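Protein chains: 2
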Amino acid sequence: MILTVIGIGLIGGSIAKELKQKKFCNKVIGVDSNINHQKIALNNKIVDEIYSLKQAVQMSDIILISIPVDNTSKVLKEVLDLVDKQIVFDVGSIKEKVIQHVNAHQKRKNFVATHPIAGTEFSGPEAAHIGLFKGKINIICNKEESSKEAVEKISELYHILGMENIYMNAQDHDIHSAYVSHISHISSFCLALSVMDKEKDEKNILNMAGSGFESTVRLAKSNKEMWTPIFTENKSNILAVLNDYIEKLNSFKSAIKEDDYEKLNDLILQANGIKKILN
Amino acid sequence: MILTVIGIGLIGGSIAKELKQKKFCNKVIGVDSNINHQKIALNNKIVDEIYSLKQAVQMSDIILISIPVDNTSKVLKEVLDLVDKQIVFDVGSIKEKVIQHVNAHQKRKNFVATHPIAGTEFSGPEAAHIGLFKGKINIICNKEESSKEAVEKISELYHILGMENIYMNAQDHDIHSAYVSHISHISSFCLALSVMDKEKDEKNILNMAGSGFESTVRLAKSNKEMWTPIFTENKSNILAVLNDYIEKLNSFKSAIKEDDYEKLNDLILQANGIKKILN
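Listed in order, the protein sequences are those of chains A and B.
First residue of the first sequence? That's 773 in the working numbering, and the numbers climb one at a time after it.
First residue of the second sequence? That's 773 in the working numbering, and the numbers climb one at a time after it.
In short, the hints are calculated from the structure, not lab data.
Do not take every clue at face value.
Identical copies carry no separate label here, and so any pair may be met within one copy or between two of them.
DSS-like cross-link-like pairs, simulated, lysine-lysine; straight-line CA separation at most 30 Å [what the hints assert, rightly or not]:
hint, residue 1, residue 2
1, K792, K879
2, K849, K925
3, K993, K1035
4, K970, K906
5, K920, K826
6, K1029, K1047
In this text, all values refer to a predicted model and were calculated from it rather than measured experimentally.
Given only the sequences and the hints, what does the whole structure look like? Please build it.
See below:
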């Protein structure tokens, strides 16, 4: 089995590394427009060879597209135009637009839309590592639009990475992503911006980082190449969440302003409800 | 050496437990209005005996006040009214109001205002544990207003817990606390509220929690007994930060609305600056 990885970053690189170690594939071909990433991927034995997209697709059995979401639709179409029996899957955190883009493609059934819920705040092939996916969840969207064989193969692939597969409608997926993941990143970026604006002496940030700041700001280390496209591609869902979130902040603000203990207690108690869900 | 702990919660209980284990004191007296906390503290051997505040102060060498910040000033004054040579310290995350409250007290020099930067999202004596403070920072405020002997003793106490002592003006401390810690908690409470409002099916939250949500929402498990008083007592600083923070969120919002890639890239790149400070 030969796997092609288009976009050798944290996710693509980690998938390639682990699938080869676990002998799911015996060769990994890399496609990446970034020459530095090509070199690192070869040096770190994440990929065995580098080819052009066209050559790589023709040589392989499974093709993974793991590039920023604003480019996924275009590259996916290019790949589907080239495939015969190959199976193609992507790993982006937005699914509806990508699926719509190839909806009428004659090879639509060869494509499986997935979103493995895993990652770190680091990026690039140098961040790729084995074990990233263990015990995590992978979401497969609109599986009825893919061939049974393709869904089975990709499900197996994620099982091998230690993940549980669940199924979701693409539209629902994008709303949930906005609420549970994308807003967390915006919240974290803005926290970092506020603190750095105010705290000209970095020592004060360091001294107090243990007081909760470190965990809420971790995601602010995430890179623009991945996140700017996510924010714009999932625009309508994210704007809705952002409005909700700012509304909640304004509730806190007016309760603090008015020394409204009862209201603050009530807001905090409601927020504590998250304990029951996550513990 | 006999230590009295007024308010046997996560912080007070953890300090008591570790100081006794490390033989800094040979007896710990507990004072707590919550009978359930008294029982747990006795059962878990966090304290050796329970006394009234007056008896406890008279029997001990060092008195720790570890209760919610809205009550600290009042209890501190009661304690200072009773002390002779005893040393008193508090651990609250707001310092200016407390210090002002006892500024003119004839026993002011017996009091050391501290803020150990440590904690978890859990609370109560059942959450108390050894090792909570190791490698963390303790802030001592306005140390020139305390006697040299008192500052030395309390510094030694925190060293024994494995902490580094740093010194700060109380006013600065409260501003930094608002920026680096308190806003993180508000941000996290509001994230939890937004997500739970929208996601009526808790499974979706669980499935996607790995995508950054879990770390940003951890602090939303924090309790109202501690945080409502902090928000109202540090009101003016917190309102200033909250305004800044909402402004940053609005910048993100308009950049997303207008598909302004350049602006989004720029905001994320600026936020990434936190890497240099925290790594």
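Going through the numbered hints above, which ones does this structure break? Give me the numbers in ascending order.
Going through the list in order, the structure violates no hint and respects every one.
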